[in-house]
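Q: Line by line, the protein sequences give chains Y and W.
Residue numbering for the first sequence follows our numbering, beginning at 207 and increasing consecutively.
Residue numbering for the second sequence follows our numbering, beginning at 1130 and increasing consecutively.
Honestly, I wouldn't trust all of these hints.
[Said to hold, decoys possible] Here are the computed lysine to any residue pairs in the SDA-like style, where the Cα-Cα straight-line distance is at most 20 Å:
{"hint": "1", "chain 1": "Y", "residue 1": "K259", "chain 2": "Y", "residue 2": "L504"}
{"hint": "2", "chain 1": "Y", "residue 1": "K337", "chain 2": "W", "residue 2": "L1484"}
{"hint": "3", "chain 1": "Y", "residue 1": "K337", "chain 2": "W", "residue 2": "S1210"}
Hints listed in this document are in silico derivations from the structure and should not be mistaken for laboratory results.
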Amino acid sequence: MTTIHTHTPARSATTPLSRFLRSREIPVASALVVLVVVTATINPLFLTPQSVKDLLLNATIVIILAIGQALVIITRNVDLSVGSILGLVAFGTGTLFAVYPGIPIILVFLIGMAFGAVLGAVNGLLVTIAKVPALVITLGTLYIYRGLNNAWAGGTQYFAGDRPREFSNLSTDTVFGFPLITLLAIAVVIGVAVVLAYTRAGRDLYAIGSDPEAARLFGIPVARRVLGAFVASGILAGLAAVLYASRFNAVGATTGTGLELDVVAAAVVGGVAIFGGNGTVVGAAIGALLLTTITSALTALRVDKFWQQAIVGVLIIAAISVDRLVSLNRARKLRVSEARNV
Amino acid sequence: MTTPTPAQGSSPVLELRHASKTFGAVVALSDGTVEILPGEIHALVGENGAGKSTLIKILAGVHRPDSGDFRLDGQPVAFSSPADSKAAGISVIYQEPTLFPDLTVAENIFIGRQPRGRGGLISRSAMRAEATKLFATLGVPIDPERIAAGLSIADQQIIEIAKAISLDARVLIMDEPTAALSGIEVERLFGVARSLRDRGAGILFISHRFDEVFGLSDRITVMRDGAFIATHQTGAVTVDAIVREMVGRDISALFPKEDAVIGDPVLSVRGLARTGIFSGISFDVRAGEIVGLAGLVGAGRTEVARAIFGIDRYDAGTVEVNGARLRPHDPQSAIAAGIGLVPEDRRKQGLVMELSVTRNATLTLRNTLARFGLIRAARERALGEDWSRRLQVKTGSPDLPVSTLSGGNQQKIVLAKWLATDPRILIVDEPTRGIDIGTKAEVHRLISDLAGRGIAVLMISSELPEVLGMADRILVMREGRLTATIPRADATAERVMFAATETLECTP
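Please model the complete structure; the sequences and the hints are all you need to start from.
A: Structure below.
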């Protein structure tokens, strides 16, 4: 019998540059650059330091939420309750300052994140123990948390005046022109990105999203990891909520309503695959920045409010279509390269 | 009949005695008994539904036995998860590879135990280097940096093996590792298995190919109907004896193709080509004829079948049924023209695993079963039960999901699904892959019977005896091209293998 498998040594077809160019963040990052350049050309006021600062401040909270959402979506789940978690924790923050006016700010952050962690853990436990799809569970907790917020707050609202000046200054102070809280968000992006790319737990999340059954057979602690992703999403929603209380004047029963859709949209536009297993928090953060920038850019270009929302919708569908085309193309290439390898 | 007695001098690394497991009303395992010594290759044989896969899943920590005694190194153990089993040094390669499609090949090998460098972070370069080293040992040119999606089943299997080797397992369990592999790949796998054994690992493997069982194993354990039958020293037993124990009766003919009246061409394929996959594929299949499509795994046989059936696009050529051209890339028109396809990967392509046995068997008949757009449940049930009976499907209830059936019984359901449509052309891709010897004969009888009724059959198979025994005419593919057409009278194993493996340059 003759042997036809004359094996060439494994040669890597992927160089760091080609991998960078094919990464899922490139389309959304390019879209962001094009958008900024075009808008700035038409309306130079768009790039003044003040409006850039406002833009970054507006994006910060969605960026932090999108990071948590990306963690959850990568495991083939979704967390629709983040808007409600943000509302509850933000109102809690207002209450803390109202009841204990001298409370250290760092303690408020810790309490807010711990509160978020508890709410996220409820989601995670329900999803992993009851084995009901996260879409249904977190849709439920979206209403439950919002209901609790309503019951707790009633008509009460806390205003910026109730909170210490240093707390509000967090979202106006800048370092080298960058708002402090935006730098905080960037630090979170980098931290979570490293965890996702370079720790075993982080890689497990991708494995789970890629094939949950195989992950179980392989002995990956699926329930623990998914629970961890929901807790992380809760903690980040808690962090975002405290920052929200610092940035915006009023917190009350309806704070953060509807935010979850912006957050899921940001993650998806940023290249996080809605069926899990793929995507990065850097992408999700860029997605959040892009969506915020579009709103500002369209305002700067005096486009009607209705069209702004429609354009965001088109963008979401475009992102998913591009993603699909890229993966089909990739599948074809892999197939052809394999056929040559035989 | 012998009972397992520890070989002199070494005590078993793994022992399972009298383990039982039931799923609802179905007793999957009534007396699971196996014993693996360090440094032995142990074959586990039995018909489909004999409980082999259940036994393996108990060893792997996927299932917990309802009763029984499970020991490692003489100490009782109770695994509550696959992680426990893996931590104890048991590595399992399942029948269907379980890779993560979005992760790179290297990461698939090392997931959960990636090499760590500075600051406890994963070192990708170390991971890549180790994967490259593993593949060099195995002699396979797989790029560790490519993602696992799109790999052939053979390559996926090799990655599973690389994973098991890198785990340095004390016990390696393989559930039909060779079902999807071609001759060379099987040899390579066996080389690896032997070197692991020589290093002192205990290996348990399931196979339905007796040449492998006898060529590779030191001992053989036979199971039937969920229970242990016997363990033999391989040298002291014959194939016939093993077969008798497996089926509890004698098997007469394995490949009973009966002579059928061969009519006019029904399926005509002309110049079919798909860039990078196959080209210049032309052949006919006549009514009542079984045409075997042989070749190595990866030669493009499945891809041709998928193109004919309209699942994949093709770039050139035509497919005609009874002289009428089929629309490319349109499975509905292929079905309407009377083509049925029994795919290679039944879990992913042939069955809806969560649906019941009845639903799956009647899935292709939805339209004829429906009145005013609603499916009549009583007729659906009657039809499903009829087919289950005709193909002798073993199931607790026709309402159970197909995923609870054994591999062979699942394959029968896939066949039933297409037979129920009364096709004129049936394409069967590896119809007996992973199927035990008794069911195999039933499947062969079924296919032969269909040809006898005037159906044109195109049968893709990697098993030479099956092709030689069943086919009226054998087409051989190599590297995306048809390299030979051999009529039944001239067909020998050597001729087929030669056409499947010789390189184009060597052709005189």
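Q: For this structure, which hints from the list above don't hold up?
A: none
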